[in-house]
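Engineer: Position chain L relative to chain U; hints supplied.
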Amino acid sequence: MEKLTLKKKGENAGLTDSTTHIKQTPSDIVFNVINYLFFGVFTLSCIFPFYYIFINTISDNELVKSGAITLIPRGITISNYISMFKVNDLWNSVVVTVGRTLIGTCLMVFVSGLAGYLVTKEEMWHRKFWYRFLVITMYFNAGLIPWYLNMSMLGLTNNFMAYIIPGIVSPYNIILVKTYVESIPGEIEESAFMDGASYWTIFRKIIWPLSKPILATIAIFGAVGHWNSFQDSLILNSNSPELFTLQHRLYIYLNQSSNLGAIVASGTSSTDSAAIAGAMNTKIIQYTISMVTIIPILCVYPWLMKYFEKGLMLGAVKG
Amino acid sequence: MASKSLSGTGEYIPKKREVVKTPAEKVSDILYWILRSAIVINVVALFFPSFNPARLSEGINKNLSLFSCGVSYDSIVVNLKRALKQEWVSEDAFALIFYASLIIIIAVIIIAASGCLSLGSHKMKKVGLAVTLGGGVIEAVGLAALFQAHTEIVETTLPNKVDKILLLNAEGVADPDYLPPAFILFIVLISVIILLSIVNFFLVPRSMMGEGFSMEPKFQLFLMMLPVIALAFVFSYLPLYGWRYAFFDYKSGETLSMDKFVGFDHFTELFRIPATRRDILTVLKNTLAMSGLGIATSWIPMVFAIFLSEIRNARFKRIVQTFTTIPNFISWVLVYAIAIAIFNTDGFINTFINSFRDPAVDTLASENYLMSNSHMWLKMLAWGIWKGTGWSAIIYIAAISGIDQGLYEAATVDGAGRFAKMWYITIPELIPTFCVLLLMSIANILSNGMEQYLVFSNAKNSAQIQVLDLYVYNLGIGSGLIPLSTVIGMVKSVISVILLFAANSVSKLIRGESIV
Chain U
1 MEKLTLKKKG
11 ENAGLTDSTT
21 HIKQTPSDIV
31 FNVINYLFFG
41 VFTLSCIFPF
51 YYIFINTISD
61 NELVKSGAIT
71 LIPRGITISN
81 YISMFKVNDL
91 WNSVVVTVGR
101 TLIGTCLMVF
111 VSGLAGYLVT
121 KEEMWHRKFW
131 YRFLVITMYF
141 NAGLIPWYLN
151 MSMLGLTNNF
161 MAYIIPGIVS
171 PYNIILVKTY
181 VESIPGEIEE
191 SAFMDGASYW
201 TIFRKIIWPL
211 SKPILATIAI
221 FGAVGHWNSF
231 QDSLILNSNS
241 PELFTLQHRL
251 YIYLNQSSNL
261 GAIVASGTSS
271 TDSAAIAGAM
281 NTKIIQYTIS
291 MVTIIPILCV
301 YPWLMKYFEK
311 GLMLGAVKG
Chain L
1 MASKSLSGTG
11 EYIPKKREVV
21 KTPAEKVSDI
31 LYWILRSAIV
41 INVVALFFPS
51 FNPARLSEGI
61 NKNLSLFSCG
71 VSYDSIVVNL
81 KRALKQEWVS
91 EDAFALIFYA
101 SLIIIIAVII
111 IAASGCLSLG
121 SHKMKKVGLA
131 VTLGGGVIEA
141 VGLAALFQAH
151 TEIVETTLPN
161 KVDKILLLNA
171 EGVADPDYLP
181 PAFILFIVLI
191 SVIILLSIVN
201 FFLVPRSMMG
211 EGFSMEPKFQ
221 LFLMMLPVIA
231 LAFVFSYLPL
241 YGWRYAFFDY
251 KSGETLSMDK
261 FVGFDHFTEL
271 FRIPATRRDI
281 LTVLKNTLAM
291 SGLGIATSWI
301 PMVFAIFLSE
311 IRNARFKRIV
321 QTFTTIPNFI
331 SWVLVYAIAI
341 AIFNTDGFIN
351 TFINSFRDPA
361 VDTLASENYL
371 MSNSHMWLKM
381 LAWGIWKGTG
391 WSAIIYIAAI
401 SGIDQGLYEA
411 ATVDGAGRFA
421 KMWYITIPEL
431 IPTFCVLLLM
441 SIANILSNGM
451 EQYLVFSNAK
461 NSAQIQVLDL
471 YVYNLGIGSG
481 LIPLSTVIGM
491 VKSVISVILL
501 FAANSVSKLI
511 RGESIV
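From first to last, the protein sequence lines stand for chains U and L.
Counting along the first sequence from 1, when you hit position 75 you're at 75 in our numbering, and nothing is skipped either side.
Counting along the second sequence from 1, when you hit position 38 you're at 38 in our numbering, and nothing is skipped either side.
Excised from the complex, chain U in its bound form:
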């Protein structure tokens, strides 16, 4: 409903735009030029770094080392990516990160969906209290160190589960789902209730399918959050290199100044080792791993674009 009205207004805006388009004063033209220029430059600053890193990873390594690649790729090859995937440390991190993203997101979406539905039910025992109990956690936290001590008391240090369990309950996402479920006409649910369906059946057969848009939104945002997470790996799993996430691995590599080639190569078989250390320098390795880390985000980006305006609007009306 809200979306429809918005769209209509947007069309109106288009109409008035085209009517006023006829009379353009010189000052209008100057304004437009400056405006287009500003946004052009800003947009360029947002994409150029990615482009620059990318062309340096697919160009001939000798040219990159001599600093010859600035704007156009030359001597295109994907050998850097192939050698990167021979590095065991990196593989490990990719597996850990993909694993936590898949498992963590699925659990979070399911729990947010269920909890978001349950908190709309007025007949729940002390619903208001439990709802506030959840919401308060968004605005208050005990601090980093008590959180860390708590996690270590629960045995969630140097443990893969430390990535999954704390993220399952996300109050913000529960609120988003709640707001969405409230917008579903109550009659659908009532008719199912009349037919004797249990809460669980109603959730599974009615609420879950109907709230797919919001669930998709929180799934994508949750997945991006998991993919980007770095602090939990840094703080909780610092003694288990096999559990480092991709971002943490990248952070470590970015802080290695000179002998990164040798360090990375030491994690591969002896034949690959020499080849990698010879062909790539610190810069190329850093760029390649950066690209490996960015590409999945860019892949889900079209879906993000599709959903985020909707998700944000819902957040804005939460009140």
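None of these hints come from the bench; they were simulated from the model.
Please read these numbers as outputs of a predicted model, since none were measured by experiment.
Please note: incorrect hints may appear among the correct ones.
List time: in silico BS3-like cross-link candidates among lysine-lysine, alpha-carbon distance up to 30 Å [what the hints assert, rightly or not]:
{"hint": "1", "chain 1": "L", "residue 1": "Lys460", "chain 2": "U", "residue 2": "Lys65"}
{"hint": "2", "chain 1": "L", "residue 1": "Lys317", "chain 2": "U", "residue 2": "Lys212"}
{"hint": "3", "chain 1": "L", "residue 1": "Lys161", "chain 2": "L", "residue 2": "Lys251"}
{"hint": "4", "chain 1": "U", "residue 1": "Lys128", "chain 2": "L", "residue 2": "Lys508"}
{"hint": "5", "chain 1": "L", "residue 1": "Lys218", "chain 2": "U", "residue 2": "Lys128"}
{"hint": "6", "chain 1": "L", "residue 1": "Lys218", "chain 2": "U", "residue 2": "Lys212"}
Structural biologist: Just chain L now, with coordinates in the frame of chain U:
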């Protein structure tokens, strides 16, 4: 508002029959609350190292909970490798501890599940109590096994190694008869649970004919919600228990005891010790400066949105919106990777300058812009703007598309120009949204996160870049000064909450609605 459409659901719930409760039922209700409390305590005790009845030897880590004991045998014997190798004590006893812990965990899970049944109909209650009783008996067996393990440890320990293996009693002497207080606690709990489940079994009235397993909707919903509540409790409320470290002299790996209690010493330390005081002042200055700069520039996304809406070309608009939002979705580590790619010694700027220079004639540019410590606050602000503006503008773009077009048409008729329309229509319409976000950022003035500052910090700029969150991290995780960093975190949390409430009341005062 929308929730009203759902409240009709309530009418479809079968009305509760008004039943007068017998005295026996009233007593059973009271006993039920005691029973449920005992069960909750039993579940919670599973996760607290100080309530671990399985710590039957001085060699078992003090920070181990019963749950960890039952999950991994290695965690029990990790400090006892040498003792077991040289056979100071029988290893069977520790295997027994592991199995006993596992049995207790399973029993507690059974008891907790059956405790949930106590919210149901009479029939469900009866079944629930029977299961509770069964679980209680299993847990008692587990405790008995623990006691057996204790006996075995006492009997098999070599006399000259008693000090290293046996538990120390309250006086700090190895005592073969000493059992941990948690063991007594568990015996009390399990006695209460067994006793009350037997008594209640007879007090709960016999189920009527045709009464099945059923539960009132309010309890059904509550039980479905319970796991979520429990997780929120464990990960958001339980850390508050860690605030106690602020009042003790604690070093990593030790246990807390009352003789290390120092009261508010760590709080006064913030002012007392000159070095700490100086650090705190620098850190506060950085935090407030960078948050302040962020707040001072918080109009940028609004202006960005207003000017973007002036662009007529829909495709260009779409492209700008798409690409300026990307930086918001990459992590700060990746932003740092980009910073390296652009500003490092062999980054874009230097290679670009050098591409116009002849290595034989000119000196090549090789400045590392990331290593300088000048204008750190402004640089951090610039990265923040680069990353966040496109994303923050979306909320304003949405708001602009919601403005009544009639206002603009009327203004055009009245002869208002482009800027007049922006100033007198668009901005006033956006101000409420702006105010909410501004108040929120004022409430968050102390929490600017640590990730950005951590990745950009290096040996040269650490004095200019260290913000409160990063300082707490460096102090607590880096240097292991847990009490002091807890104190700082505590003070920060409390101030943040006060600021949030203040911002909320300001919002209520001005706009008549709350922001939280």
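Engineer: Now look at each hint and say whether the structure bears it out.
Structural biologist: Hints, verified against the model:
no., hint, result
1, Lys460/L with Lys65/U, "holds (27 Å)"
2, Lys317/L with Lys212/U, "holds (29 Å)"
3, Lys161/L with Lys251/L, "holds (27 Å)"
4, Lys128/U with Lys508/L, "holds (21 Å)"
5, Lys218/L with Lys128/U, "holds (12 Å)"
6, Lys218/L with Lys212/U, "holds (26 Å)"
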